[in-house]
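**Student:** If you're matching them up, the sequences are chains A and B in order. Be aware that the first sequence starts at 1020, since it is given in our numbering, and climbs by one per residue. Be aware that the second sequence starts at 2, since it is given in our numbering, and climbs by one per residue.
Worth flagging that the hints you see were computed from the coordinates, not collected in a lab. Incorrect hints may have been included.
Some but not every residue of chain B turned toward chain A, in silico, with C-beta under 10 Å [stated by the list, open to error]:
| hint | residue |
| --- | --- |
| 1 | Thr28 |
| 2 | Asp56 |
| 3 | Ile57 |
| 4 | Cys134 |
Where is the CB? At the ideal position from N, CA and C, for every residue including glycine.
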Amino acid sequence: MDVQLKRGLLDVCVLAAIKNGESYGYKIIKDMKPYLELSESTLYTILKRLEAAKMLTVRTAEHEGRLRKYYRITAAGVARINDFKEEWKEVIQIYRFVAREDQGGPV
Amino acid sequence: MNKREFLEELRKGLAGLPQDDVEERLTFYGEMIDDRIEEGLTEEEAVAQIGPIGDIVSQTFSDIPLLKLVKEKMPKRSLRAWEIILLVLGFPLWFALLVAAFAVVLALYIVIWALVIALWAVEVAFAVAAVACVPLAVFYAVKGNVPAAVAFVGAALLLAGLAIFLAFGCVAASKGAVKLARLIGRGVKRLFVRKENTK
């Protein structure tokens, strides 16, 4: 897949993983697993990028006697997800058109 | 490998990155391992799931822009007197070397792209020549010079064939050039990182 496209998709996926409430690194990876495999180093880069873009906030809290980082989506993050959904309606339209050619169009 | 060994190895691999960046990454991976252990995995299994350290290190470096790596190389403290003297005295030497190194990398880039441009130029020349043969063929056909007309039709077909054939080569060469350029970029990046490691 095109690198730029994949990067954009992954960003939105991570935002989607925290849109229903705070989450932490390992949980994000687990929640995304049925849909796509994400390595730890990739997730780290994405989280940093989203934090810099103010699409999520980070807090450190104690958990079982150790520290864990929790990520919470911001209004900008929610807006990004909504933009994505709008954009992809169009992409799906285009996809339908492209895929239709596959099923016995003019040879 | 247990968690401590893993983090130790990773720290070595990430040497050359800013210190607080390294610490933050290590905390992140530590948390990932702890969360897996909490879920019932053994320490060894948890570490194994995180993946080979080599992969993590190479991905980390490819994610960081070169500019940031270079910036990190700048000393944070002010320079000592002897360092300034050395820098000034050594200027004719290190500046020349720096310019030369820069020129070499730039030359490599130019050579790569010049090759690609040359290939595409040949491709375009073939295509244009093929098209140009068509009116000539028509011209001779109208004048009644059949052999010349046939020759030009033949030439047009031959050139068009060559153009199509070469187009595949051009596309492959362009892709190769992009890959090579990226490889050089990564190589330059590595240079900065490795120097820091051997210090």
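**Student:** Taking each numbered hint in turn, which are not upheld by the structure, reported in ascending numerical order?
**Tutor:** Structure breaks hint 4 only.
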